[in-house]
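Take a look at the letters that make up each chain.
Protein chains: 2
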Amino acid sequence: MPKRAEIISIGSELVSGQALDTNSQWLSRELGSLGFPASYHTTIGDRMDDHIAAFRLAAERTDLVVVTGGLGPTQDDLTREALALTTGVPLHEDPASLEAIAAMFARRHRPMVERNRVQALVPEGADALFNRVGTAPGIWMRLGRATVACLPGIPSEMKVMFYEQVVPRLRQQGWVERVTIERKINLFGRGESDIEAEAFDLTVRGRVPEVGITAHDATISFRIVGEGATEAEAFLQTEPTADLIYQRFGDLVVGEGPTDVPEAVAARLLTTGATLAAAESCTGGLIAHLITAIAGVSPFFLGAVVSYSNEAKVELLGVPRELIDAHGAVSPEVAHAMAVGARDRFHADLAISATGVAGPGGGSVEKPVGRVFLGLATPFSVETRQLDLGPEQPRDIIQRRAAKIALNWVRLALLPWPDKPD
Amino acid sequence: MPKRAEIISIGSELVSGQALDTNSQWLSRELGSLGFPASYHTTIGDRMDDHIAAFRLAAERTDLVVVTGGLGPTQDDLTREALALTTGVPLHEDPASLEAIAAMFARRHRPMVERNRVQALVPEGADALFNRVGTAPGIWMRLGRATVACLPGIPSEMKVMFYEQVVPRLRQQGWVERVTIERKINLFGRGESDIEAEAFDLTVRGRVPEVGITAHDATISFRIVGEGATEAEAFLQTEPTADLIYQRFGDLVVGEGPTDVPEAVAARLLTTGATLAAAESCTGGLIAHLITAIAGVSPFFLGAVVSYSNEAKVELLGVPRELIDAHGAVSPEVAHAMAVGARDRFHADLAISATGVAGPGGGSVEKPVGRVFLGLATPFSVETRQLDLGPEQPRDIIQRRAAKIALNWVRLALLPWPDKPD
Chain U
1 MPKRAEIISI GSELVSGQAL DTNSQWLSRE LGSLGFPASY HTTIGDRMDD
51 HIAAFRLAAE RTDLVVVTGG LGPTQDDLTR EALALTTGVP LHEDPASLEA
101 IAAMFARRHR PMVERNRVQA LVPEGADALF NRVGTAPGIW MRLGRATVAC
151 LPGIPSEMKV MFYEQVVPRL RQQGWVERVT IERKINLFGR GESDIEAEAF
201 DLTVRGRVPE VGITAHDATI SFRIVGEGAT EAEAFLQTEP TADLIYQRFG
251 DLVVGEGPTD VPEAVAARLL TTGATLAAAE SCTGGLIAHL ITAIAGVSPF
301 FLGAVVSYSN EAKVELLGVP RELIDAHGAV SPEVAHAMAV GARDRFHADL
351 AISATGVAGP GGGSVEKPVG RVFLGLATPF SVETRQLDLG PEQPRDIIQR
401 RAAKIALNWV RLALLPWPDK PD
Chain P
1 MPKRAEIISI GSELVSGQAL DTNSQWLSRE LGSLGFPASY HTTIGDRMDD
51 HIAAFRLAAE RTDLVVVTGG LGPTQDDLTR EALALTTGVP LHEDPASLEA
101 IAAMFARRHR PMVERNRVQA LVPEGADALF NRVGTAPGIW MRLGRATVAC
151 LPGIPSEMKV MFYEQVVPRL RQQGWVERVT IERKINLFGR GESDIEAEAF
201 DLTVRGRVPE VGITAHDATI SFRIVGEGAT EAEAFLQTEP TADLIYQRFG
251 DLVVGEGPTD VPEAVAARLL TTGATLAAAE SCTGGLIAHL ITAIAGVSPF
301 FLGAVVSYSN EAKVELLGVP RELIDAHGAV SPEVAHAMAV GARDRFHADL
351 AISATGVAGP GGGSVEKPVG RVFLGLATPF SVETRQLDLG PEQPRDIIQR
401 RAAKIALNWV RLALLPWPDK PD
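Protein chains in written order, with the working numbering: chain U, 1 to 422; chain P, 1 to 422.
Since the hints were derived computationally from the structure, they do not count as laboratory data.
Values in this document were obtained by computation on a predicted structure and should not be read as measured data.
Every residue, glycine too, gets a C-beta built ideally from N, C-alpha and C.
Heads up, some of the hints might be wrong.
Lysine to aspartate or glutamate pairs mimicking DMTMM-like chemistry, simulated, CA-CA at most 20 Å apart [as the list claims (entries may be wrong)]:
#1 3/U to 124/P
#2 3/U to 50/P
#3 3/P to 325/U
Computed footprint of chain U on chain P, listed as stretches where at least three residues anywhere in the stretch have a Cβ under 8 Å from a Cβ of chain U [unchecked claim]:
#4 62-70
#5 97-108
#6 117-123
#7 145-159
#8 350-364
#9 381-394
#10 413-421
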């Protein structure tokens, strides 16, 4: 009988629909893989009696209660007080937490207001959970037969604290025994239904290991769930299925886990030592942003010109003005010249360019919204490609698709490049 | 006293975290604007006793219970049966629903399997809700003192049925009289606890209209909930509070509703006719991306140079190489020269620059991770600013904060600019 978990999300912005709760989903997946299937998600606002009732009910019906939110310094943040009231103990100030909060403010060169002191309060008998990335410490305590972990509602803080504070304590408690791992193999360059049709044998129900397909931002992911006494054993169970996917889908496979197209490009730049530049019009800096979001890419990504105006295309990328006059800024000829200009001006091995109509305005019969030309200049060749990503798609989707297809082109171009010697 | 609502989402794919529940947020917003603030979201899987307990609890503590999911034809779909068990009545087949289901299958040229007949079952005394866009009819019934509406979990079906079946019945019941609207006023440039400390009089409980504070991506939002017999009256109720916020926080106010810093900059560029360019090092294209994500900005945003390499700073922005050698690429001197270079090369009225250490590597004692220098060149002056956003923050937060603070600086610089003549 696995231990059951409940996730309680606190925030009037959540019950009112002002904000979307994504923490519960994330926590459910993580808890599930640790062997605690979540049985309930409960979301409440900022009424004290709702807090107490929710904590009581959760502690009655589950073994592990993970609470997010309500740990801030404001009057609406009731989690600390509600837990104390539920268990009938007073709150006391945790000196280590107070010190950590003060240090956090000092590091940020901001004065600590008196109100932030309340964040150092924990119910008597509870442990404060250290928050390395924010001001609000978490809380770890028993409530009846259940264990309660309270984490901040800010997703980035919540995730760090879950891994660093909650998981180790669950292990210490001897609650994490059987290990489930999920391997995610990411593919890019073909539609979901196409890939699904080629993978019916893998996704059939009851298969061991289980395989699911999900799609995010045009990347299709196979998720393989392996189980075992140890992580290594669970991983081993996934191996034959992973091999099969790699063999069947070849170059469509971008990578595993968090490796999507930009990460794969960055990794390939690192191993080949090739350098990259970009010339962006309709993608408006998104190609550069996707690559520079990755740490350690500086030596290989030399930069980009976002040439939103025609003048910038001419002056900063050396695109001949006559070319723009003759073919228009959205044309294969200009995409070609932008790629060459970026390659030469940045002295890069490769340069990728994008020019198109991101919409919603600016489309015409010859150049509808969603028409994008990409250019790829390498030391050996210059090629262009035409994409039609509209016209019914919104601006952000057209920009994101164009940037991702452009980077995927760079990835494919780098595959045959030799690795640099160590 | 407004009638309170609870939203119950049913599906093991939701509690397990396999799928993200977006229905609850959507329903909360809709219910809120109709005058039924949602007080609870509850998510359960496919256990019968959880269904019954959740329905009972919801009917005790709220007036209106909206259930989504669990109306399909499979064995896991327990909503119908659970409602019958909760109220102690038998299920019976609704002839109109059966006919509608059969007709739907006929239209789709698919055989109707026997299992689909169960979708026509409703608890005795309940009404079936016609589903124009799918096979599963909904259910409308009383449970104790509460009204229960069950809708399919598929968002597109749920939304159509909410508007077509639920809202008219709420009106018929005389339950939709008052209108609630929510106004969101967004501030940027100061911390949440600072602003909270200056707004205690506004956020005090029981105030009319009610004011809440939320933070997203360093933007702090006041949410004012107004109520009235009409939308106009509800809006009017928010006016004095909104005025007060505008007066008290002055230039910190970025805009209302979806207007965050980039949108405010874009709007100001449009009304002044000023042109903007950017020179980005550590932000890697994010400033340009945030601006170009907004439609219609092309005439005013001329472009950017993402000068990740020192060569690019020298060659594309005209930063003197000696300046980089003397002060390092991360320095006020280089931020200054980058801004001037971008302003001049793009022939822009304003140019914003950013150079810094986004981390996680590359930090030093003199230039720790998170140290960023911004430069702002206008026709009248060039200024630089130093930011310290780390060192404990992850790379993406440092990049996002730096880009947003940079754009906010542009916003503030554009405030005194005269609007262009019509």
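Structure-based check of all given hints:
no.	hint	verdict
1	3/U to 124/P	violated (37 Å)
2	3/U to 50/P	holds (16 Å)
3	3/P to 325/U	violated (64 Å)
4	62-70	violated (count 0)
5	97-108	violated (count 0)
6	117-123	violated (count 0)
7	145-159	violated (count 0)
8	350-364	holds (count 5)
9	381-394	holds (count 5)
10	413-421	violated (count 0)
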